[in-house]
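Residue strings, one per chain:
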Amino acid sequence: MAPSRYVGILALVAGCLLPSGVRALWPIPHTLETGTTALTVSPFFYFDVQVEGAPLDLYEAVSQAQFYLANDKLGRLVVGRGANDTTALVGANTLSTLTLSLMSGATAEPIASEAVKPLGTRSEEYTLTIPADGSAATLVANSTLGLYRGLTTFNQLFYYYGGVTYTLLAPIAITDTPAYPFRGFALDTARNYYPVSDILRTLDAMSWVKINTFHWHITDSQSFPLEVAQYPELAINGAYSPQEVYTPSDVQYIVQYAGARGIDVLLEVDTPGHTSIIAATYPDYVACFDETPWSTYANEPPAGQLRFALPEVVNFTASLLADIASTVPSSYFSTGGDELNVPCYTNDYPTQLQLNSTNTTLNDALNTFTLATHGALIAEGKTPVVWEEMVLDWNITLSNETIVMVWISSEDALAVAERGFRLVQAPSNYFYLDCGAGAWLGDDPTGNSWCDPFKTWSESYTFDPLANLTEAQYELVLGGEQCLWSEQSGPENLDPIVWPRAASSAEIFWSAQQPTGAPLNVTEALPRLQDLRFRMVQRGLKPIPLQPYWCAIRPDACDLTA
Amino acid sequence: MAFSRHLMIILALVTGCILPSGVQALWPIPTTLETGMTTLKISPTFYFDVQIEGAPSDLHDAVTQSLYYLENDKLGRLVVGRGANDTTALANARTLSKLTLSLASGAAVEPISSEAVKPLGTRSEEYVLDIPADGSAATLTANSTLGLYRGLTTFNQLFYYYGGVTYTLLAPISIKDTPAYPFRGLGLDTSRNYYPVSDILRTLDAMSWVKINTFHWHITDSQSFPLEVAQYPELAINGAYSPQEVYTASDVQYIVQYAAARGIDVMMEIDTPGHTAIIAATYPEYVACSDASPWADFANEPPAGQLRFALPEVMNFTASLLTSVAKVLPSHYFSTGGDELNTNCYANDYLTEQQLNRTGMTLNSALDTFTQTTHGALIAQGKTPVVWEEMVLDWNITLSNETIVMIWISSADAAAVAGRGFRIIQAPSNYFYLDCGAGEWLGDDPTGNSWCDPFKTWSEAYTFDPLANLTEAQYELVLGGEQILWSEQSGPQNVDSIVWPRAASSAEIFWSGKQPTGAALNVTEALPRLHDVRYRMVQRGINAIPLQPHWCALRPDACDIYA
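These protein sequence lines are chains X and E, in that order. Just so we're aligned, residue 1 is where the first sequence starts under full-length UniProt numbering, counting upward by one. Just so we're aligned, residue 1 is where the second sequence starts under full-length UniProt numbering, counting upward by one.
Hint data in this document are derived by calculation from the structure and do not stem from the laboratory. Beta carbons: idealized from backbone N, C-alpha and C, even for Gly. Fair warning: there could be bad hints in the mix.
[What the hints assert, rightly or not] A short, non-exhaustive set of chain X residues, derived as facing chain E with CB atoms under 10 Å:
1) T121
2) A190
3) S221
4) E244
5) N347
6) Q352
7) L355
8) P445
9) Q488
10) D495
11) Q514
12) A518
13) N521
14) L526
15) P543
16) A557
Given only the sequences and the hints, what does the whole structure look like? Please build it.
And the structure:
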C-alpha cells in the first residue's frame, strides 16, 4: 500500500515530542510533527483541487471545509481564549492555499463510492503538510476518501481570535491512516423516532471524528418506521405515525449524505426477535404477540417474535431483507439476532406444529431460517452481520464471512474470535450510550438501568479492542462502535447523550495509540476532547459540557489528583 | 377567606367521585377534581373574559399566553391513533366560547408579579375552575391574580387536538385547587457553566407550566462569578468566564420580572464562605487556600479557595456584597449558602490563624460572627436568610429563628434540622439532584463514578416523602422542596433534557401532596399524566427527554414492570 512509502517520514519525526499545545486533533493522527511558528490563514485562502476529473462530492467537501475554516471561530481553550496570541500573530506568515492531489495512479472516484467499498479495501490514509513560511500547504492521498479525511484534520488545526484564524504550531506534517477499518456509531430509530434532519446532523458530527459507519438499527418491536416498496403495509401499520416514517427517498438521501461524508450506512433489520410490530400487518407471522406478562416472552415490551420455523415466514423474511438490502449500496447488512426468547415459542401452536410435523428442533429451524435469510442477502452481494448470540447461544451455520457484533460484555469477544469470526466491538459495558439513565419501565421507582452506570467518555476510552485475544486473533477485530438505544432518547436529547462521548471509540479505532507509540491515555486525551467538544458547539451541535468551563481552559487542573 | 366557603360546598359535591382514567392531562394533579364524559370543543372564537376591574397588565399578558397555548399546543391524546377515534364524539359536540376570570369579592387586584414575591404562607395560589358541559361560559375564580394564573395553567392542560379541533372528552369539569406546600422550587447552578438569559427564561416558562413557584438561582461559585454587582463590578469583570457570560443588572431585573409574571419568586444564592475561590481574582487577600493543590485537600472540587471569614474586612465586604445584591431583588429570601466549608483550608492560612490567635477566637466562633454579620445585614434589608444544612448540623452558630434551612446531603438529615426547630426546604441529593448519575467529571479518573450515583429518575424522585421521619408537630416546618441541577456536566446544550420532565416530580409532590381521592401519590397513576406533560412540553419547544418508547407512551401501563 502506498502509505508504506511514507514510512521514511517516521524516521524524521522519531523522537519529536508532541507539543502540549496540539490539543486540536481528534482522532490523533498516526504521525504528527509540529513546530512553534505562528501562521495565519489568509482572507483569500482557497483550496486548490489538483485532481483531474474531481468528483462533485469532493468539491462539496472542499466547500464545507472552507465554511468550517471561516465559521468555526473557535478560541483556544486557554485562559484568555487566545488574547495572549496577538503578539505572535502580528508579523506571522500567511497561508493562502491548500493544494489537494491524489497519488499518481490513483483514480478519482466519488467519495461516496470510496466510502462504501468493502472493509479493508477503502483508502482513508492521507498526508498533510503545512509549511511555516506561508507557501502552499499540501494534502495528498490515494483516494478522494483519503482527501476527505485530510480535510477534516485540516479544519481542526486552526483557532480564531480577534478576526484572525491561525495556528501557533507551524510547520505541521501529518501522515495518517486508520488503525481499524470499522469505526461506527449505532442509532436505534424504532423505540423512538428521529426526524431525518437529526440523522443528517449526527452524520455531520460523525464525519468530524472520522467515524465511517452509521449502524442504523431502523426497526424493532415497538415500531417499523421503514417504508419498504414491496411491503408498504409494514410502515403503514407499524410506524408510530405517517409522519414518523423513513421513505425510500429519505433512505437514499441519508445514504448519499453519509457516503459524501465518508460514511457507510449499515442497516439492521433485527430478526427473528425484536419484530413484534410486524404483527400489525402479518399477525400470522408473529408468535407470543403482545403476550403478558411481557417479561416472560421478551426483554422489554411488547412481546412478539417472528415464527421463524414456518416456511412462509422464512420466505417472507428473506424477501423483506433482500428487498431492503438491494436498495442500499453498503456491502454489509445486519440481520440482528439478539435476545431471542425461547418461551415465546414453547406454547406457540403454529411453531410447535411445524417443529413436530418436520421433526426439527427450534435450533434447527433457526438454522434453516438464518441460512435462508443470509443466503438471500449473500445473493444480493451483501455480507451478513449478526449480534453475538447467533454464534455463542445457538448452533447455526454461518458463512465464514459473517461479521459478529459483541454487545453483552467485552468478555465475549474472545469466544467469538475463537470461532474464527470477524468481530465489531460494541460492548455494553464500555460503549452503550444509554446506560445509567435509570429504569424506564413503569411502576419501578427503585429500578436501575440494566447496564448502570453511565459510561463516561473516559471509561469508554479505556476500552482495549484486543483484550484477551491472541495475537493471531487480532486481525479478526474490524473495529467498534458506540450505540444509542432509544428507550429514553429522541430528538430532544440526541446531541447531548451522544456527543462528545461517541468520539471515544472514534479515536480508539482510528488512532489506537498516540503518535509517540504510547497507549492512549485519558489524561492526554481530555484537553483534545474538550477542544473537539467546543468546536462541535461552534458548529451548532449540542454536546454536553464534560467539566466546568473553568477546567476546560485549564488542562489538568481538574484531574483527580491535581 | 372566601375560598373556604367554596371548599366545603365543593368537597361535599365531589365526595365519592372517582377520577376517570382518561384524565391524563393534569400535572400537578389538583386538590379536587370532578369530570364528566361529555365532549366539548373550543370555539374558533374562544376568548378569555377578564371580569376584573383594574386588571394588571401581567394578568392580560398571562391571558394572551394562555390563548396562545390553547391554539398552538396541538397535543394529540396519548392513545393509539392520537385522537382519531374521537372524531365521532366531536361531530355533534357543544362548543365552549369563553372562560370568565374573576376575583372573589373583596380580593385586592395586584399584579401577579407582586403576589408571587409575597412572603411564603401569605401568597394566594388557590383557584376554582368550572367548565360546564353545555357550552355555557367556563369560570375561573380566585382570591388573587396569582391564583388566576395557576388556574390558567390548569385550563391549558385540559385540551387535546385532533384534525383541527381543540377539545376535551371530560366535560363537565370542576376543579378546586390549592397547593399543599408554599415552596416549590427548581435550583440551577449558573457558575460551573454559564447559561444565556434565554435558557433561563425558557426554563422559567417550563417551571410555570407545573406551578413551580421558586427559582433558586445558585448564581456564583468557585469557578465563576457571572453576576454584575453595581458596587463591585470587578467581581464579574475578573470572575465571569468572559464578558459575554455575565448576568448584568438589567438581565437580573428582566429575569426577576419575567419569573414573577409567571408566579415565580427568584431566590438568589451567593454561596459563602466556601465556594468563593474566584473572588480571589479580584480580592486575593480575602481568599484562603486560593487554587491550592492538591485541591482535594482543600475543597470538594477544584479550584480550592474560600473567604477568610475570620477577617473583619472580609466580613464587612461579604455583608456589603450580599446586601448590595439582595436589595435590588424583590424576594423576601436570600441564600448565603454555607455548604461544604473546608476547615483544612484555614489550618495553614497565616492570616486566618493570626486573626484567631490575636482575638482568641475559634474558627467556629469566627464563623458565628461572620454569619451574624452577613445575616444581620440581610435582615436589615428585610430579607430572610436561607442556608444549607451544614450551617445548622455541622457548626455551632446562632441563626435567626426565621432562617430557612435547605436539606441536601441526605433525606435522612431533615429530622435533625427539624429537631432544631428550623423551617426546611427538602432538596435531598438522594432524590432530587438532577446531575447525579452522569459519571465522574474529574480528569484522570476513568473508573470514577458520580458521587451521588445513580441517576435519579422521575419515579425515584416522585417517591420522596416530604414528612418522612418527622413528628406531626414538625410537619409545619416543611415549607416544600426543589430539584436541583448542579452544572459541572451541564450547560445550555443539555439543560432541557436533564431537567425536564424530571423536575415536574417535586412540583407535584409539593403542590398536590396526594391524589384527589386522598390516596398517596403513586408512580403508576402518575406516569400517564407525566407523559402528557412531557409531550405538551415538547409541543411548546422544550427538549424534554422521552421517558419511554413512544409505544409505551400511547399505551398506559403496558410497559409497567409487571404488565
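Do the hints match the structure? See the list:
1. The beta carbon of X:T121 comes no nearer than 35 Å to any beta carbon in chain E, farther than 10 Å, and the hint placing it at the interface is violated.
2. The interface hint given for X:A190 is met, as the beta carbon of that residue sits about 8 Å from the closest beta carbon of chain E, less than 10 Å.
3. For X:S221, the interface hint holds, the least distance from its beta-carbon to any beta-carbon of chain E being 8 Å, beneath 10 Å.
4. Interface hint at X:E244: satisfied, since its Cβ lies 8 Å from the closest Cβ of chain E, which is below the 10 Å cut-off.
5. The beta carbon of X:N347 comes no nearer than 19 Å to any beta carbon in chain E, farther than 10 Å, and the hint placing it at the interface is violated.
6. The criterion of a C-beta within 10 Å of any C-beta in chain E is not met by X:Q352, whose closest approach is roughly 26 Å, and the hint is violated.
7. Look at X:L355: its Cβ only gets to about 29 Å from chain E, farther than 10 Å, so that hint breaks.
8. For X:P445, the interface hint holds, the least distance from its beta-carbon to any beta-carbon of chain E being 4 Å, beneath 10 Å.
9. The criterion of a C-beta within 10 Å of any C-beta in chain E is met by X:Q488, whose closest approach is roughly 6 Å, and the hint holds.
10. Interface hint at X:D495: satisfied, since its Cβ lies 7 Å from the closest Cβ of chain E, which is below the 10 Å cut-off.
11. The restraint placing X:Q514 at the interface with chain E is violated, with a minimum CB-CB distance near 16 Å, outside the 10 Å limit.
12. Interface restraint check for X:A518: the shortest CB-CB distance to chain E comes to about 15 Å, outside 10 Å, so the restraint is violated.
13. Nearest Cβ of chain E to the Cβ of X:N521: about 9 Å, under the 10 Å cut. The hint holds.
14. Of the supplied interface hints, the one on X:L526 holds, with its beta-carbon coming within about 5 Å of a beta-carbon of chain E, less than 10 Å.
15. Against a cut-off of 10 Å between C-beta atoms, the interface hint on X:P543 holds, since the closest Cβ of chain E lies about 6 Å away.
16. Against a cut-off of 10 Å between C-beta atoms, the interface hint on X:A557 holds, since the closest Cβ of chain E lies about 6 Å away.
The structure is inconsistent with the numbered hints 1, 5, 6, 7, 11, 12, although it conforms to all the rest.
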